[in-house]
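A.B. asks: One-letter residues, chain by chain:
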Amino acid sequence: MTKTLLTIVIISIMILFFSKISYSVEPEEFLQNPKQEIRARDISKNIRCLVCQNQSIDDSSAPLAKDLRALIRMKVQENNSDEEIYKFLTDRYGDFILLKPPFKINTFLLWSLPFIFLIIGIFILFVHNKKSKKIS
Amino acid sequence: MIMVPSLGNFSLWLALCFAIFQFVISCKKNNQSTLYLNRIAVNGLLLCAFLSFLSLMYSYLVSDFSVANVFQNSHTTKPLLYKIAAVWGNHEGSMLLWILVLAIFNYFIFKLYNKTNSIFISKTLETQAFVTIGFLLFTLLTSNPFERIIPVPTNGLGFNPILQDPALAIHPPLLYIGYVGFSAAFSFSVSAMSIESIEKVPWYNYMKPFVLAAWAFLTIGIAFGSIWAYYELGWGGWWFWDPVENASLMPWLLGTALIHSLVTVEKKKMLQKWVLLLAILAFLLSVIGTFLVRSGILTSVHTFALDPARGIYILVFIGILGTYSLILFATSTKKNFEKNYVSFLSREGSILINNIIMIVVCSSVFLGTIYPLIIEAFSNNKISVGEPYYNSTVIPIMIPAILVMGVGPLLSWKKIDVKKIFWKTLPSIVLTIIVITIFLWIYQSYNPLGIIGIILSCWIISNIIFTQNNIPKFSKSMVMAHLGIGLLILGITGSSVWQKEKILRMKVNDEIIIHNYNIIFKEIKEVVEKNYIALQGNFWVYNKKNNIITKLHPENRFYPVTNNSTTEASIHTNLLRDLYIVLGDGNQKDGWVVRVYYNPLVVWIWIGAFVIFLGGLFSININLKILKRLSL
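Chains as they are written, first to last, in my numbering: chain A, 1 to 136; chain B, 1 to 632.
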């Protein structure tokens with residue numbers, strides 16, 4: 001008797017909590033056309049889940065991410081180009097939604113500093129090389 | 001035994017006294033009595049830190065909920081292993097572990113003390129004591145793990161079950177050996193810069209085993225974190241460019257640069273100042289990493305601003321360490337560190353290239369991690385920096401580094417004969433071409449990144465195979481670490497370029513085919529364990545010939561104590577691929593969402609990391625022998 005009771009309790013707990021579990025993109029969301037689906041997924045992988053930490057909407061289980069995935073798929077089906085879709089999203093949510101920040105004034109250092117370091121490094125390398133030749 | 005937490009608290013304060021004592025006596029002129037007093041300080045510090053650590057562990061083991069830290073992070077139903085791991089699974093406890101590791105390294109530095117190096121080691125111990133005082137005060141004032149609560153709660157709040165995992169249990173101690181190991185490098189560097197007659201002391205030989213230890217343990221620590229993310233997060237991936245991951249990657253990159261340029265200093269006395277600067281930066285980045293992870297600033301700049309005490313303390317501490325060491329660096333340039341110029345085509349040239357590339361990669365990881373915080377703090381905008389940024393900045397810069405890595409160990413110091421090197425590497429060039437041709441012929445996969453990855457991996461490994469006999473015995477550990485990198489690249493390439501994914505809804509008895517494997521969903525059942533209940537799927541995997549290969553059991557777990565759910569991926573691994581299944585939500589009628597991944601070559605990532613780690617350990621051993629010979 002206690003065992004059956006326990007099972008009932010466990011199952012009801014499970015139904016309560018497991019129903020909430022969902023991981024990222026779900027099979028029902030997929031588009032019929034595989035080419036369109038691949039495009040939609042590639043775009044969603046570059047779009048940030050706004051309510052998560054460091055997750056793309058493709059990886060996220062948040063309802064907002066699900067809505068955005070549906071939105072992107074709708075836009076893809078309507079034959080919008082990638083640029084149009086990205087523009088549509090940034091117009092509404094700002095650059096925050098892009099996982100790859102666009103090259104702008106406020107991201108100038110982010111994109112250029114590594115390359116400036118690289119150029120400085122190459123410069124140092126050449127100076128060293130030249131001076132070492134002189135010495136030898 | 002109600003006294004144990006108080007004892008822990010007391011010994012932590014006592015540890016502070018010993019650290020201050022060590023700092024004061026190390027500042028003084030050296031004589032026999034300072035050695036004696038230093039011994040007391042070093043041993044006392046180690047003993048107190050250890051005692052304090054044990055007290056907290058004891059409180060966890062007996063579930064002493066009068067300790068706030070235990071109450072917040074443990075529960076009576078928790079398995080023993082995770083009660084132990086819970087000690088460092090939270091902020092306060094992990095600072096205690098940090099202090100213990102500091103005290104251990106402090107002890108090892110003291111062990112190097114002898115007549116010839118007394119001034120140098122003294123100065124190092126002084127800096128080390130200063131760092132220890134900083135962390136002790138931080139722990140005691142802002143994050144004391146021994147704070148009590150009254151009345152004593154009957155049970156604890158539990159511990160996030162996603163963190164209850166063997167890989168994650170040993171992940172923090174390994175990482176901390178890494179971070180704290182760089183504190184020794186920092187102290188040696190400060191000491192070398194502030195001593196008058198440093199030419200007489202081979203400071204680089206002292207620094208090297210510590211850097212190697214830090215780097216090797218950081219490598220394996222990062223690998224364990226990755227393994228955990230791979231099977232626990234359920235996305236089939238193993239690296240997410242998460243700021244927390246980046247915090248450990250940055251010191252690793254600088255550590256890699258440091259190890260290589262230390263060899264140049266050791267062999268040719270070149271790049272001395274550069275190495276001193278790198279040692280400082282590697283430790284500062286370790287502390288900055290701790291600041292990022294521990295201050296809560298990553299979640300949001302604004303939550304950080306609400307409770308900034310911890311963050312500001314660490315920032316000020318970083319400021320003091322940074323300002324002091326960098327000013328010292330700037331003013332000590334007049335000193336007689338020999339000036340040498342590195343020619344491009346030489347062993348030291350290849351090491352300089354390695355260093356430049358590591359710095360560039362590190363700067364891009366650093367910028368990607370802190371740039372969003374800076375933008376948010378100083379403007380109304382917010383930006384995100386995610387995987388696509390890192391992929392487009394890190395990968396192209398890393399490729400030349402790995403090409404150079406293949407040939408670097410074959411080059412001689414000072415100057416090389418280009419023709420000779422060409423003949424030496426010809427067999428590996430030929431083998432690489434053969435392998436890539438066969439590969440393209442069999443698999444017909446023309447993904448450019450995939451091809452580049454295979455070429456790089458093959459280039460490194462074949463160079464190692466063909467030059468085995470030319471490599472001197474003491475360089476074998478380096479060869480081993482390089483081999484590990486070769487294997488690592490193979491694994492990274494395979495799993496990121498040729499991963500296959502199927503997401504679908506399955507009912508019991510449904511089948512799915514992924515890369516020549518036929519997977520049948522046999523049943524779903526409930527599993528009840530001590531601290532969780534789970535829904536478990538049963539999947540039978542058949543190969544092409546319809547032979548059963550394995551049965552996989554992915555789970556959805558629910559932990560009632562903390563009210564968390566987790567997914568447990570079920571993975572079948574062999575040397576060529578992983579089969580990876582995650583169970584999602586669903587019900588009997590509509591079926592369950594199932595995600596199946598075919599991940600080629602993943603296991604080589606872990607093997608590679610382990611081989612690198614072993615190479616590091618062997619190298620520590622060799623360098624300790626060199627150090628022993630020095631002190632004779």
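These are computed hints drawn from the structure, not numbers from a lab. It is possible that some hints are incorrect.
[As the list claims (entries may be wrong)] Cut-off 27 Å, straight-line C-alpha distance, at most; resulting in silico cross-link-like pairs (DSSO-like, lysine-lysine):
#  : chain 1 : residue 1 : chain 2 : residue 2
1  : A       : Lys-130   : B       : Lys-269
2  : B       : Lys-268   : A       : Lys-130
3  : A       : Lys-131   : B       : Lys-111
4  : B       : Lys-502   : B       : Lys-476
5  : B       : Lys-268   : B       : Lys-382
6  : A       : Lys-134   : B       : Lys-273
7  : A       : Lys-100   : B       : Lys-420
8  : B       : Lys-589   : A       : Lys-75
9  : B       : Lys-502   : A       : Lys-35
10 : B       : Lys-382   : B       : Lys-269
11 : B       : Lys-500   : A       : Lys-100
12 : B       : Lys-424   : B       : Lys-339
13 : B       : Lys-339   : B       : Lys-111
14 : B       : Lys-522   : B       : Lys-507
15 : B       : Lys-339   : A       : Lys-130
16 : B       : Lys-273   : A       : Lys-130
17 : B       : Lys-268   : B       : Lys-476
18 : B       : Lys-339   : A       : Lys-131
19 : A       : Lys-133   : B       : Lys-414
20 : B       : Lys-267   : A       : Lys-133
21 : B       : Lys-544   : A       : Lys-45
22 : A       : Lys-133   : B       : Lys-420
23 : A       : Lys-133   : B       : Lys-502
24 : A       : Lys-104   : B       : Lys-382
25 : B       : Lys-414   : A       : Lys-66
26 : B       : Lys-115   : A       : Lys-131
27 : A       : Lys-134   : B       : Lys-268
28 : B       : Lys-273   : B       : Lys-522
29 : B       : Lys-544   : A       : Lys-66
30 : B       : Lys-269   : B       : Lys-500
A.B. asks: Holds or violated: Lys-339 (chain B) and Lys-130 (chain A), Cα atoms, limit 27 Å.
C.D. replies: holds, 14 Å
A.B. asks: Does the structure keep Lys-133 (chain A) and Lys-414 (chain B) at a Cα separation of 27 Å or less?
C.D. replies: Distance of about 10 Å is within 27 Å: holds.
A.B. asks: With the threshold set at 27 Å, check whether the alpha-carbon distance from Lys-268 (chain B) to Lys-476 (chain B) stays at or below it.
C.D. replies: Holds - the C-alpha atoms of Lys-476 (chain B) and Lys-268 (chain B) are around 20 Å apart, at most 27 Å.
A.B. asks: When you check the alpha-carbon spacing of Lys-115 (chain B) and Lys-131 (chain A), does it fall within 27 Å?
C.D. replies: violated, 39 Å
A.B. asks: Take the C-alpha atoms of Lys-382 (chain B) and Lys-269 (chain B), compute the straight-line distance between them, and say whether it is at most 27 Å.
C.D. replies: violated, 47 Å
A.B. asks: Tell me if the straight-line CA distance from Lys-134 (chain A) to Lys-273 (chain B) falls inside 27 Å.
C.D. replies: Measuring from Cα to Cα gives roughly 22 Å; hence the hint holds.
A.B. asks: Does Lys-131 (chain A) sit within 27 Å of Lys-339 (chain B), going by the straight-line distance between their CA atoms?
C.D. replies: holds, 11 Å
A.B. asks: Keeping to a limit of 27 Å between CA atoms, is the pair of Lys-339 (chain B) and Lys-111 (chain B) held or broken?
C.D. replies: Since the Cα atoms of Lys-339 (chain B) and Lys-111 (chain B) sit roughly 32 Å apart, the hinted pair is violated (cutoff 27 Å).
A.B. asks: Taking 27 Å as the top limit, are the C-alpha atoms of Lys-273 (chain B) and Lys-522 (chain B) close enough?
C.D. replies: violated, 65 Å
A.B. asks: Is the straight-line distance between the alpha-carbon of Lys-134 (chain A) and that of Lys-268 (chain B) 27 Å or less?
C.D. replies: holds, 18 Å
A.B. asks: Is the Cα-Cα distance between Lys-589 (chain B) and Lys-75 (chain A) 27 Å or less?
C.D. replies: Violated: Lys-589 (chain B) and Lys-75 (chain A) sit about 32 Å apart, past 27 Å.
A.B. asks: Can the restraint linking Lys-522 (chain B) and Lys-507 (chain B) be considered satisfied, given a maximum Cα separation of 27 Å?
C.D. replies: Satisfied, since the Cα-Cα distance of roughly 9 Å is no more than 27 Å.
When each numbered hint is compared with the structure, violations occur for hints 3, 4, 5, 7, 8, 10, 12, 13, 21, 23, 25, 26, 28, 29, 30.
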